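Sequence lines, in order, name chains P and L.
First residue of the first sequence: 1, per our numbering; consecutive thereafter.
First residue of the second sequence: 1, per our numbering; consecutive thereafter.
In silico BS3-like pairs for lysine-lysine, Cα to Cα no more than 27 Å straight-line:
#  : chain 1 : residue 1 : chain 2 : residue 2
1  : P       : 214       : P       : 150
2  : P       : 150       : P       : 217
3  : P       : 76        : P       : 100
4  : P       : 217       : L       : 62
5  : L       : 62        : P       : 127
6  : P       : 217       : P       : 110
7  : P       : 76        : L       : 62
8  : P       : 214       : L       : 62
9  : P       : 110       : P       : 76
10 : P       : 100       : L       : 62
Covered stretches of chain P (chain L as the covering partner; in silico rule of three or more C-beta atoms under 8 Å from a C-beta of chain L):
#  : segment
11 : 81 to 91
12 : 152 to 158
13 : 205 to 219
In short, the hints are calculated from the structure, not lab data.
Fair warning: this is a prediction, and the values are worked out from it, not measured in the lab.
Using N, Cα and C, we set each Cβ at its ideal position, and we do this for glycine too.
Residue-level listing of the chains:
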Amino acid sequence: MRYFYGALLLITASVLLIHGDVLSLKFSTIRLLGNVGQTLDSGGNLQDRIAILEKENEDLRVQIFNNSISSGSNVKVYSSYPFNSRKDIIIAGGSNDGFKDGDVVTFGDKILIGRISAVFNSSSIVKTVFDADWEMAVRIGVHEVDGLFKGGSNPTVTLIPQEADIKAGDLIISSSSEFPYGLEVGIVKNINDVVSTPFKAANVDLGVQLWQLKDVKVHH
Amino acid sequence: MLKFIISATVVALVSLLQTTNLAFVGGVKPDFSLVLVLFMSILYKDWLKRSILIFIAAFVLKFSPGLEIENVIFIVSAITGVLLLDWLPMSPILNLFIITGAATVVFNLSAFEIQVFAEEFIYNLMVLSLCLVIYNLWRRK
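Please model the complete structure; the sequences and the hints are all you need to start from.
Here it is, written out as structure tokens:
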């Protein structure tokens, strides 16, 4: 009898796992519990509610972004520049695959890697955010504070207004007209705040490192 | 002749490795090809062989069509390093360490970042030490 119940449990667990709806069930449950908790705690902190709304706003913005860009092509990374003066990569796709100069390259769907700078028949060179001379406009955190991202071995965001409300862990997204809005660049690692200057700077922790790149996505 | 062919193959393979992400140590790539070419210049005194090794490395390291400034700098650094290796008065091994350091400095002039340069300098000297150890072990056999 014991074996029967054990087998039944195993089969049930396998069906649930393979069927996949267990994940949506889990998230629905969490959301339900969260809603119940909010209902019971109707006199909750206003600031907590604002934080929840801001997070939902950011999630919606990411969803809009995901729907607005066209589907990309997954390509392999052939090689990276052999010297440390540049951080370019070569990808296994070129004009034969419809790629062109300026196409945006991401890691997964959201993390900005760079843009195509030269296209050949079956390969392309990508200039990446890891390059020391990479600069682009970005926004930081839920308050969307403007800044200028500079790449390199220690990437930073500069020209952040002194009074801007940012903190370590804030998400940095692209806001340059050359790229779809909202691509993730990295997160704020720490803030360099010199009180006497009109601007402050932040060191950046990039979403992925150059040596981790094996596959990237090119958006036409 | 066989020894030179093997050396040329090793230079080509090491240069190929340098174009991959496997060559990264932290966020920096050591100059495996440059160090190996300079090291082999104490094994081969013939300038024709030295030149062939340098140009094999430069050819494999070439990243895109057309003239690349970094490729030219690599060739110039390697040739200058080899010239100085013959000219410096101390022992060949000590000269090699000095030349490797000098070649790293020259190589980083085009895009200088102090942290990257320092790491690259140390890694290049470590790669050179490894070459010497492997060579000494092979000679003892």
